[in-house]
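Student: Assemble the whole structure, with the sequences as input and the hints as a guide.
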Amino acid sequence: MTEATGRTHFTEHRTAAYLLFVIFAALELYPLAMKGEKDDFPLSPYGMFAENKDESTTITQAVAIADGAPDRPIPPRFLGTDEVLQAKATLANAARKKPSAIALCERIASRIAVDAEWASAANVEIRTVTYESIRYFDDPAAPPSKKRVHARCPVKR
Amino acid sequence: MTIADTIDRVVRPALPAERLAAVRILTGLFATIYLAARAPALMGVAHHQASDFSAVGPVHLLSQPAPAWLVYSSVVVACALAIPFLIGWRFRQTGPAFAAALLWVLSYRNSFGMVFHTENLLVMHVVILALSDSAAAFSLDARRVGSTPAAAPRFGFALQCMGLVTALAYVLAGIAKLRVSGMDWATGDILRNHIAHDNLRKLLLGDSYSRLGAWAARHSWMFPPFAVLTLVIELGAPVVLLRGRLAKGWALLAWSFHAGVLALMWILFPYQLFFIAFASFFEPEKLVLRVASLVRKRRAPEPVAASE
Numbered sequence: 001m002t003e004a005t006g007r008t009h010f011t012e013h014r015t016a017a018y019l020l021f022v023i024f025a026a027l028e029l030y031p032l033a034m035k036g037e038k039d040d041f042p043l044s045p046y047g048m049f050a051e052n053k054d055e056s057t058t059i060t061q062a063v064a065i066a067d068g069a070p071d072r073p074i075p076p077r078f079l080g081t082d083e084v085l086q087a088k089a090t091l092a093n094a095a096r097k098k099p100s101a102i103a104l105c106e107r108i109a110s111r112i113a114v115d116a117e118w119a120s121a122a123n124v125e126i127r128t129v130t131y132e133s134i135r136y137f138d139d140p141a142a143p144p145s146k147k148r149v150h151a152r153c154p155v156k157r
Numbered sequence: 158m159t160i161a162d163t164i165d166r167v168v169r170p171a172l173p174a175e176r177l178a179a180v181r182i183l184t185g186l187f188a189t190i191y192l193a194a195r196a197p198a199l200m201g202v203a204h205h206q207a208s209d210f211s212a213v214g215p216v217h218l219l220s221q222p223a224p225a226w227l228v229y230s231s232v233v234v235a236c237a238l239a240i241p242f243l244i245g246w247r248f249r250q251t252g253p254a255f256a257a258a259l260l261w262v263l264s265y266r267n268s269f270g271m272v273f274h275t276e277n278l279l280v281m282h283v284v285i286l287a288l289s290d291s292a293a294a295f296s297l298d299a300r301r302v303g304s305t306p307a308a309a310p311r312f313g314f315a316l317q318c319m320g321l322v323t324a325l326a327y328v329l330a331g332i333a334k335l336r337v338s339g340m341d342w343a344t345g346d347i348l349r350n351h352i353a354h355d356n357l358r359k360l361l362l363g364d365s366y367s368r369l370g371a372w373a374a375r376h377s378w379m380f381p382p383f384a385v386l387t388l389v390i391e392l393g394a395p396v397v398l399l400r401g402r403l404a405k406g407w408a409l410l411a412w413s414f415h416a417g418v419l420a421l422m423w424i425l426f427p428y429q430l431f432f433i434a435f436a437s438f439f440e441p442e443k444l445v446l447r448v449a450s451l452v453r454k455r456r457a458p459e460p461v462a463a464s465e
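Top line first, the protein sequences correspond to chains E and W. Letter by letter, the first sequence follows residues 1 to 157 of our numbering. Letter by letter, the second sequence follows residues 158 to 465 of our numbering.
To be clear, the hints were calculated from the coordinates, so they are not data collected in a lab. Treat the hints loosely; a few may be bogus.
To be verified - Calculated lysine to any residue pairs in the SDA-like style (CA-CA distance at most 25 Å, straight line):
#: 1; chain 1: W; residue 1: LYS405; chain 2: E; residue 2: ALA25
#: 2; chain 1: E; residue 1: LYS38; chain 2: W; residue 2: VAL337
#: 3; chain 1: E; residue 1: LYS53; chain 2: E; residue 2: LEU85
#: 4; chain 1: E; residue 1: LYS38; chain 2: W; residue 2: MET422
#: 5; chain 1: E; residue 1: LYS38; chain 2: W; residue 2: ALA198
#: 6; chain 1: E; residue 1: LYS98; chain 2: W; residue 2: SER208
#: 7; chain 1: E; residue 1: LYS98; chain 2: E; residue 2: VAL149
#: 8; chain 1: E; residue 1: LYS38; chain 2: W; residue 2: ARG336
#: 9; chain 1: E; residue 1: LYS98; chain 2: E; residue 2: VAL63
#: 10; chain 1: E; residue 1: LYS146; chain 2: W; residue 2: ARG358
#: 11; chain 1: E; residue 1: LYS146; chain 2: E; residue 2: THR128
#: 12; chain 1: W; residue 1: LYS405; chain 2: W; residue 2: PHE432
#: 13; chain 1: E; residue 1: LYS146; chain 2: E; residue 2: ILE23
#: 14; chain 1: E; residue 1: LYS38; chain 2: W; residue 2: SER377
#: 15; chain 1: E; residue 1: LYS53; chain 2: W; residue 2: SER377
#: 16; chain 1: E; residue 1: LYS146; chain 2: W; residue 2: ALA198
#: 17; chain 1: E; residue 1: LYS98; chain 2: W; residue 2: ARG336
#: 18; chain 1: E; residue 1: LYS53; chain 2: W; residue 2: GLY331
#: 19; chain 1: E; residue 1: LYS53; chain 2: W; residue 2: LEU369
#: 20; chain 1: E; residue 1: LYS38; chain 2: E; residue 2: ILE23
#: 21; chain 1: E; residue 1: LYS53; chain 2: W; residue 2: PHE414
Tutor: Here it is in structure tokens:
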């Protein structure tokens, strides 16, 4: 008997408890059977760091371009999120079609136009770049091994 | 003792109601603060592009993004339901309702681009606590009855269920590494490449990254010991089901693993790093009782000085 409520709780029964235990085990292990399927939530195969990562990093980014200064990556908050992975997904999706890339570029440009911290920015660029990951940290000023510009738009103030 | 008895003592050890209740309070407190702190981000997905929508979990019920008012109101409902979960008020109704709301709002947020693996265990633990008798002590429901039940298998069962899903999550991560990359994952440059890639990706996206990780990536000899330790922790996780010192030792190792992930990759697993994910392996009721005693002492009136 569950004294706190005056009623029995179903987990008091051995059979119900074992059944629930097996159900939770099966749910957790279910993603193992989903070979090649995409990740899910809250049941995941946790394969995020499993694969042999390419030594190069290719990423679509938004950068602010100012005269006489190095290009500056624009942080996720100007893309409407505080999550870097969601920013990455938004940029990757936008880069697939030119009109989407231009629309996102203009949206970001309008947001940084009213931010004093970005006063020197003259243009925004959405581009996909490739770097050798480990080598980058030895020489961050080195240019990317590949670069493709999807959209470029002025920061109108 | 028969094998069946041994299995029963692993699956349903007789443990105090206060221990399970203390885990409910710690998990509920974490969930309440987490939801409140993340509310802007959880509501922010209402303005994401429909083209970014890729349903996960229960959100598969939707074929397109939900209207903004539904996103906002589900976050508000989840925040509101966190309180009765925490204080154990009408728990048989509010517990499962909170678990469902939490599952929904976090799944919905994860349905726009990327899945955040930092929240999986929190959701699973809340679901288990909601389905268990975790409000039999330290709750308004228990106060109404006026007594706390003795140690019983149903309390130990829920704690072991939490240990089970914790262990399996880590084991799956270990299996995925060995299945995809074999022992190369431990002996090669895979971990190093991941750390370099992850930090560079954040840097190029204008986000914070680990300078320690960026520095470490230049020294290949550092990574095989980290990789071996990672696999040992992940594949050794089932020892938590034996409880006692083994479970506590594993929890400390797992915590240090997450501290290492934060230091080298700037990835924060708050549920693990605040140690709430591992509370079920310890005696958190001692902490709750100590806090309650401190509160009572503060509330107690000052003794009146005897008149001369």
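Student: Compare the structure with each hint and give your call.
Tutor: Now the hints, each set against the structure:
{"no.": "1", "hint": "W/LYS405 with E/ALA25", "result": "holds (21 Å)"}
{"no.": "2", "hint": "E/LYS38 with W/VAL337", "result": "holds (15 Å)"}
{"no.": "3", "hint": "E/LYS53 with E/LEU85", "result": "holds (17 Å)"}
{"no.": "4", "hint": "E/LYS38 with W/MET422", "result": "holds (23 Å)"}
{"no.": "5", "hint": "E/LYS38 with W/ALA198", "result": "holds (23 Å)"}
{"no.": "6", "hint": "E/LYS98 with W/SER208", "result": "holds (15 Å)"}
{"no.": "7", "hint": "E/LYS98 with E/VAL149", "result": "holds (10 Å)"}
{"no.": "8", "hint": "E/LYS38 with W/ARG336", "result": "holds (16 Å)"}
{"no.": "9", "hint": "E/LYS98 with E/VAL63", "result": "holds (17 Å)"}
{"no.": "10", "hint": "E/LYS146 with W/ARG358", "result": "holds (15 Å)"}
{"no.": "11", "hint": "E/LYS146 with E/THR128", "result": "holds (8 Å)"}
{"no.": "12", "hint": "W/LYS405 with W/PHE432", "result": "holds (11 Å)"}
{"no.": "13", "hint": "E/LYS146 with E/ILE23", "result": "violated (49 Å)"}
{"no.": "14", "hint": "E/LYS38 with W/SER377", "result": "violated (31 Å)"}
{"no.": "15", "hint": "E/LYS53 with W/SER377", "result": "holds (15 Å)"}
{"no.": "16", "hint": "E/LYS146 with W/ALA198", "result": "violated (33 Å)"}
{"no.": "17", "hint": "E/LYS98 with W/ARG336", "result": "violated (39 Å)"}
{"no.": "18", "hint": "E/LYS53 with W/GLY331", "result": "holds (16 Å)"}
{"no.": "19", "hint": "E/LYS53 with W/LEU369", "result": "holds (20 Å)"}
{"no.": "20", "hint": "E/LYS38 with E/ILE23", "result": "holds (22 Å)"}
{"no.": "21", "hint": "E/LYS53 with W/PHE414", "result": "holds (20 Å)"}
Comparing the model with each earlier hint shows violations of hints 13, 14, 16 and 17; every other hint is respected.
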